[in-house]
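Student: Sequence lines, in order, name chains D and G. In terms of my numbering, the first sequence opens at residue 1 and continues consecutively. In terms of my numbering, the second sequence opens at residue 1 and continues consecutively.
Hints may be right or wrong, so weigh each one.
Since the list can't tell identical chains apart, any single copy or any two copies may satisfy a pair.
[As the list claims (entries may be wrong)] Under the rule of at most 25 Å between Cα atoms (straight-line distance), these lysine to any residue pairs were calculated in the SDA-like manner: (1) K13 x E61; (2) K53 x N68; (3) K26 x E63; (4) K60 x A45; (5) K60 x S33; (6) K105 x A14.
Think of the hints as simulated: they come from the structure by calculation, not from any bench. Remember, it's a predicted structure, so these values are computed and weren't measured experimentally.
2 protein chains.
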Amino acid sequence: MSQSLEEILDSLKAIKGVHGAALIEKFGLIKGSALPGWVDPEAVAAMVTLILKASQRATKELEQGEFNNAIIESGKGKILFSEIEGNVLCIIATTDAKLGIINLKLSAAVDAIKQFL
Amino acid sequence: MSQSLEEILDSLKAIKGVHGAALIEKFGLIKGSALPGWVDPEAVAAMVTLILKASQRATKELEQGEFNNAIIESGKGKILFSEIEGNVLCIIATTDAKLGIINLKLSAAVDAIKQFL
Chain D
1 MSQSLEEILD
11 SLKAIKGVHG
21 AALIEKFGLI
31 KGSALPGWVD
41 PEAVAAMVTL
51 ILKASQRATK
61 ELEQGEFNNA
71 IIESGKGKIL
81 FSEIEGNVLC
91 IIATTDAKLG
101 IINLKLSAAV
111 DAIKQFL
Chain G
1 MSQSLEEILD
11 SLKAIKGVHG
21 AALIEKFGLI
31 KGSALPGWVD
41 PEAVAAMVTL
51 ILKASQRATK
61 ELEQGEFNNA
71 IIESGKGKIL
81 FSEIEGNVLC
91 IIATTDAKLG
101 IINLKLSAAV
111 DAIKQFL
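If we strip away everything but chain D, and leave its shape as in the complex, we get (with noise of 0.2 Å):
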């Protein structure tokens, strides 16, 4: 009985001050997503990539290695990134959201999550 990956994107999305959550591939496919109607996932896909893009030239010129995760924050929210096995996970989330609350969730939405990998 394990859950549908549209299934762990919404208990992301039910998290108290998150908007929405999607998967999307390095390339910039979308694998899956529990978005708002109002939040576009090609937009949140071209994040990623843009994201992928910044990290990739950390890596190759300042030696750091691959991409694990990324965090932007903005006047009103914020979004999070994580690595899952050559794919991101993309988290949007409104600026007084509890990173702590949102960690936890997250990690075992990220073991779930790599079923489907």
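Dock chain G against the given chain D, drawing on the hints supplied.
Tutor: Then chain G, alone, in the frame of chain D:
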């Protein structure tokens, strides 16, 4: 008796686990840097540009507001980006650098840097 921009960046570089720091104007111009010899300031500027592009998409399409800061964590290090009045202060650190200490010195540096902008 105020510090020069280079002195402020040098003081960030002196933090344990920090390789170096650079101040990049939002269109990629390098305003100042205290980086080790193996880090190309242009590579840092390119990363800042990519992060800001990702953030701009988040601002426009995901209603995230203006960019504040970002962190990219990789296998062998982490990079911090902080917005200062249209510029981005970038800090390159090892994985075991303490974020609490960096953030403390960072906020003092941000206040000091504002004099030059």
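Student: Which earlier hints turn out false for this structure, listed by number in ascending order?
Tutor: No numbers; nothing is violated.
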